[in-house]
Amino acid sequence: MAAVFIDRALVPSSTGDELPTGDVPHMTQLPFWRRYVFSQDHKVVGIQYTLTGFLFMLLGFIVMMVIRWQLAYPAQPIPLIGGFLGVANAPGGIMLPEFYNQLGAMHGTIMVFLGVVPVAVGGFGNYLVPLQIGAGDMAFPKLNMASYWLYFCGGLLMLASFFAPGGAAQSGWTSYPPLAVIAPGQTIWLVGMVFLITSSLLGSVNTIVTVVQLRARGLGWMRLPFFVWAQFVTAFLLLLAFPPLEAAASMQLMDRLANTSFFMPSGLVFSGQKLTVAGGGNPLLWQHLFWFLAHPEVYVLILPAMGIVAEVITNNTRKPLWGYRALVVSALCIGFMSLTVWAHHMFMTGMGTTMSTFFQVTTMLISIPSVVILAVLILSLWGGSIRFTIPMLFALAFLPMFGIGGLTGLPLGLAPTDLHLHDTYYVIGHFHYVVAPGTIFALFAGVYYWFPKVTGRALSNRLGQLHFWGSLICMNIMFMPMFIQGLGGMNRRMYDGGLQYAHNQPLLKWNLVIGMAAWTLGLFQLPFIVNLFSSSRRGTLVDRNPWQATTLEWLAPSPPGHGNFESEPVAYRGPYEYSVPESDTDFTPQFSREARP
Amino acid sequence: MLELLGLPVQASQHASGLDQLLTEVHWLMAVMFIGWATLFLLIVVRFRSGAHPKADYVGTRGWGARLAVGIVAAEAFLIIFHAWPVWATRTPVAPSSGEATVVRVVAEQFAWNVHYPGADGRFGRTSIDLMGPSNPLGLDRTDPFAVDDVATINQLVLPQNRTVLIRLSSKDVIHSFWIPEMRVKHDVVPGLEATVWFTPTREGEYEIVCSQLCGLAHYRMRSAVSVRTVEQFEAFLAQEVRSQTR
Amino acid sequence: MEIPYSVRVRPDTGFTNGQLATWLFLASEAMLFGGVFSSYVILRAGAEHWPTGTLNIWTASVNTVVLMASSVTMSRASMSLKQGRWAVYRRFFVATAILAVVFLGIKSFEYAEHLSRGEYPSVNNALAVYYTLTGLHALHIVGGLIVMLYLLGPGARLHGTNPGLFTNRVANTGLYWQFVDIVWLCVFVMLYLL
Ligand code: HEA
Ligand code: HEA
Ligand code: CUA
Ligand SMILES: [Cu+2]
Chain A
519 MAAVFIDRAL VPSSTGDELP TGDVPHMTQL PFWRRYVFSQ DHKVVGIQYT
569 LTGFLFMLLG FIVMMVIRWQ LAYPAQPIPL IGGFLGVANA PGGIMLPEFY
619 NQLGAMHGTI MVFLGVVPVA VGGFGNYLVP LQIGAGDMAF PKLNMASYWL
669 YFCGGLLMLA SFFAPGGAAQ SGWTSYPPLA VIAPGQTIWL VGMVFLITSS
719 LLGSVNTIVT VVQLRARGLG WMRLPFFVWA QFVTAFLLLL AFPPLEAAAS
769 MQLMDRLANT SFFMPSGLVF SGQKLTVAGG GNPLLWQHLF WFLAHPEVYV
819 LILPAMGIVA EVITNNTRKP LWGYRALVVS ALCIGFMSLT VWAHHMFMTG
869 MGTTMSTFFQ VTTMLISIPS VVILAVLILS LWGGSIRFTI PMLFALAFLP
919 MFGIGGLTGL PLGLAPTDLH LHDTYYVIGH FHYVVAPGTI FALFAGVYYW
969 FPKVTGRALS NRLGQLHFWG SLICMNIMFM PMFIQGLGGM NRRMYDGGLQ
1019 YAHNQPLLKW NLVIGMAAWT LGLFQLPFIV NLFSSSRRGT LVDRNPWQAT
1069 TLEWLAPSPP GHGNFESEPV AYRGPYEYSV PESDTDFTPQ FSREARP
Chain B
14 MLELLGLPVQ ASQHASGLDQ LLTEVHWLMA VMFIGWATLF LLIVVRFRSG
64 AHPKADYVGT RGWGARLAVG IVAAEAFLII FHAWPVWATR TPVAPSSGEA
114 TVVRVVAEQF AWNVHYPGAD GRFGRTSIDL MGPSNPLGLD RTDPFAVDDV
164 ATINQLVLPQ NRTVLIRLSS KDVIHSFWIP EMRVKHDVVP GLEATVWFTP
214 TREGEYEIVC SQLCGLAHYR MRSAVSVRTV EQFEAFLAQE VRSQTR
Chain C
234 MEIPYSVRVR PDTGFTNGQL ATWLFLASEA MLFGGVFSSY VILRAGAEHW
284 PTGTLNIWTA SVNTVVLMAS SVTMSRASMS LKQGRWAVYR RFFVATAILA
334 VVFLGIKSFE YAEHLSRGEY PSVNNALAVY YTLTGLHALH IVGGLIVMLY
384 LLGPGARLHG TNPGLFTNRV ANTGLYWQFV DIVWLCVFVM LYLL
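Residue numbers (our numbering), protein chains in the order written: chain A, 519 to 1115; chain B, 14 to 259; chain C, 234 to 427.
Chain A on its own, in the form it takes in the complex (with noise of 0.2 Å):
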């Protein structure tokens, strides 16, 4: 039965019109609203993160190309839409400093609890996940719906707030009090964070129970496509690691409603005023609740990319995943560590040698595992065949990308050398070569490799090379400066810049350099958003398997229908059993029973 399909799967088709689409008629029968807008399919679901979490990255880097304009050019009209942003936040089309600290704050939450984790988790886990466990659906089709509309409220409820009065938030996406607690906007994202918490949590429990549920007969652990291993850790550091963030979160909520003092300490004097709370809070209470939960949350940003990433090389190299075992564990090893580092980003708060020198060491070991995926996914490449398709292109890229970003960690792991880097633009490049170069590269790799799967139709190559190329240059023009400027002794969060200052003013030349590379970045997405949609209604059609891999998911028709799977799908093998000796084809399925068809 199994060798049927992966006939099927190899013959070449010219139309793929004659494909049966597996839509099974109890789906086609629901009516508009139930099929596309509140299904309960884990392909829809996985779509609507996508596209929504998609037009937030968008909205992101809209917000950041606004903010590098006025760090090029400080207080000069922004061009174009300046005269849209309303007297309150840029009169005479200038951006006030208020308005610069709120775009900076949403340009941080959007990017990362609207944007990157929607799109990697809950876009790029709900489709693939129960594809590539050979599952019909999520364990959880209600709750899945349930988790997209959390997140749709959250993230309204985020953009809503830039129109209440006094703006958005303003505190920097750390928000830390007491200035959180004071300033304007601050209410509305709180109550955002919560939906946008409960909805992960939803999320992540479906996914772990449908990894634990709902494989396939035959899969076993260890034959889990790397990619279902990083959904499945990172499942778990959302479930464990943001809770604490909701309990921080209800109590500065009690702070800004009903007056407590959590986070507030004794003798506040507001510009010669008393503060009239109680006191007797701790503000740093807050930043620890916040980064156990933040520090984690990185990881979420980069488990799912190096799963596409290890998805990604194996296919294009046709040859086995070097060291899949050492992946997977170290994988493990990064989810526990994660949970143990997050006060690296306090070392200037003082909290004494002990504690700095468990964080320090913590920190450092916990690069290891990330330095061992790095090594494994290099030294895969060895011996392959490599097939420079574009979405190989944005995952080859990923690694050196994400190398600089990683090993830029270092020196912030590192109090002494922290003190000089903290809160300077180092850090900026730092995660941004972690999240930008390297997640978002990832991110794009999968959508260049699964949009077959999802539309039957391929990405045109031509405008790919383009995106790759124009975003892989720019990237490294706006964020390598970065870190000349902050070893310079840039600061972030600056409105100016860092204008005012002397030890800046041989740096400020780069601001501009950034800008532009900034604008250009922008352009080179154009090609991406329009071979997106050129191409899911005029690309080539192809058949369900056009980059011949071996994974389960390659087994279904693309589109596959409701319920996935035309039969029962059996995993006969491991995920990556590429060349194989003396087999005929240099790619055999887990699906197909025989090594030999």
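If you are wondering where the hints come from, they were derived from the structure by calculation, not from laboratory data. A virtual CB, placed ideally from N, CA and C, is assigned to each residue, including glycine. No false leads were slipped in.
Restraint-style ranges between C-beta atoms, simulated for each label pair:
(1) C:Leu426 with B:Gln26: 47 to 55 Å
(2) B:Ile166 with A:Thr872: 30 to 38 Å
(3) B:Gln26 with A:Phe876: 23 to 31 Å
(4) B:Gly111 with A:Thr872: 24 to 32 Å
(5) C:Arg390 with A:Gly1040: 53 to 61 Å
Lysine-lysine pairs mimicking DSBU-like chemistry, simulated, CA-CA at most 35 Å apart:
(6) A:Lys660 with C:Lys340
(7) C:Lys340 with C:Lys315
(8) A:Lys660 with C:Lys315
If you want a taste of the chain C side facing chain A, the calculated C-beta under 10 Å gives, among others:
(9) Ile236
(10) Pro237
(11) Leu253
(12) Ala254
(13) Leu257
(14) Glu262
(15) Phe266
(16) Phe270
(17) Ser271
(18) Glu281
(19) Val356
(20) Asn358
(21) Ala361
With chain A's structure known, arrange chains B and C with the ligands on it following the hints.
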């Protein structure tokens, strides 16, 4: 490497020690990056499908695998070795106030208030009830210890080659006290008093940079810092005492 | 689309989907309460003075007894349902819901008393912790109550169509309920008695 990093000038005794460590870590990073990047490029070129049409099933085996494990182990060793804190340059034992010039710095949105104890070496009493526009520190001038105290706003004057101990506190939100050239940075958290100490070695004009987002004027929460010879420093204090207690 | 293992246990993992999900959910709940409890410990340890004796140990003790009783009725309910004794199950399940209402009633009496004495959350951090922690716990009781009412009302129809799934739902509700009771014990000991 140090020149490459382009750090601000070193103006305190411990600055060169910190920079030394920063340089070492960047060497480690450079070696790791160049090593891996070279290997990466070599592999990508060597095993492109044009040059290597049929992939190997096993991948690297034997020496390759052993080498990889060796490299990773070496990196692990270096990284862990670096983890042993070189915090020594910032010894946790604060100098006693006898051997150091003690200054209080009180941060507020958006200014740095500086408080010198004066000739008696004791800070006068302060109270939040007395704080106001003309007395941002809330200094109680009726307290005998306060008589010779000196208060300045956004002007920190320090003696050269003498250890200074700065007691940091905040009136409202979290700020962060940073003098880049001194390689001194510490968060100023309301409700907690922190101390930092260092020995300025280089005469000249510097700045305190606020390094923690503290509100809309965070970007210009700046104070002048000037390091003067001990004689000039004493003269400055004497001058200020005269003008402030009049 | 039929989801496997929602009624029967998957042999190699030993779980039904709902069971596993409930345990995972409880793990995250433990982290949530853990966050609040550790904040309480840190605030209290750092305080110069922590007012004690304002809380009403008497009502809290009554509430402890009420919740312990509900814990017993809940486990009897889900056990009887497993044995197929529908009427007994109904009786115990209704009793649990009533006990939950009693708990909330006593709790709101306690709140009203504090508020009438001007003991608002803003007065000091002891009261702030008290309101936050007991409020969060009360929200969990309300959540459990809503689930119970659903299972007694419209949700009971499932028993006719898919008795296995229905029994699992009741069992998982029971699991959740035991957890909420344990949290209450922690609240009682750490907040009222210490
Ligand atoms: C995806 C996100 C992500 C990832 C993966 C990491 C990874 C790491 N981060 Fe980063 N970090 C952030 C996101 C991330 N970080 C964010 C968002 C912030 C700022 C938050 C804020 O303040 O707003 C931050 C801030 C931050 C700080 C606080 C700085 C400060 O505020 O002063 C520190 C300090 O220790 C740190 C350390 C590290 C370390 C040691 C790693 C390690 O895990 C890295 C390990 C990796 C390696 C060591 C690379 C190995 C390289 C190779 C093997 C060779 C290269 C290969 C080729 C050339 C092909 N990070
Ligand atoms: C995942 C996290 C993430 C990502 C991806 C990014 C991406 C980018 N970030 Fe951001 N950033 C943060 C997280 C992130 N950032 C955080 C947490 C902060 C700290 C905030 C704070 O201080 O509190 C920060 C702060 C920050 C600053 C410092 C501001 C300051 O301190 O004052 C700067 C400055 O240049 C910056 C720039 C950029 C740029 C140019 C990108 C670019 O790489 C953006 C690239 C984006 C794209 C390429 C978009 C791709 C999407 C599409 C093309 C959409 C397609 C659309 C459809 C299909 C519908 N970021
Ligand atoms: Cu004070 Cu920033
Ligand atoms: Cu971190």
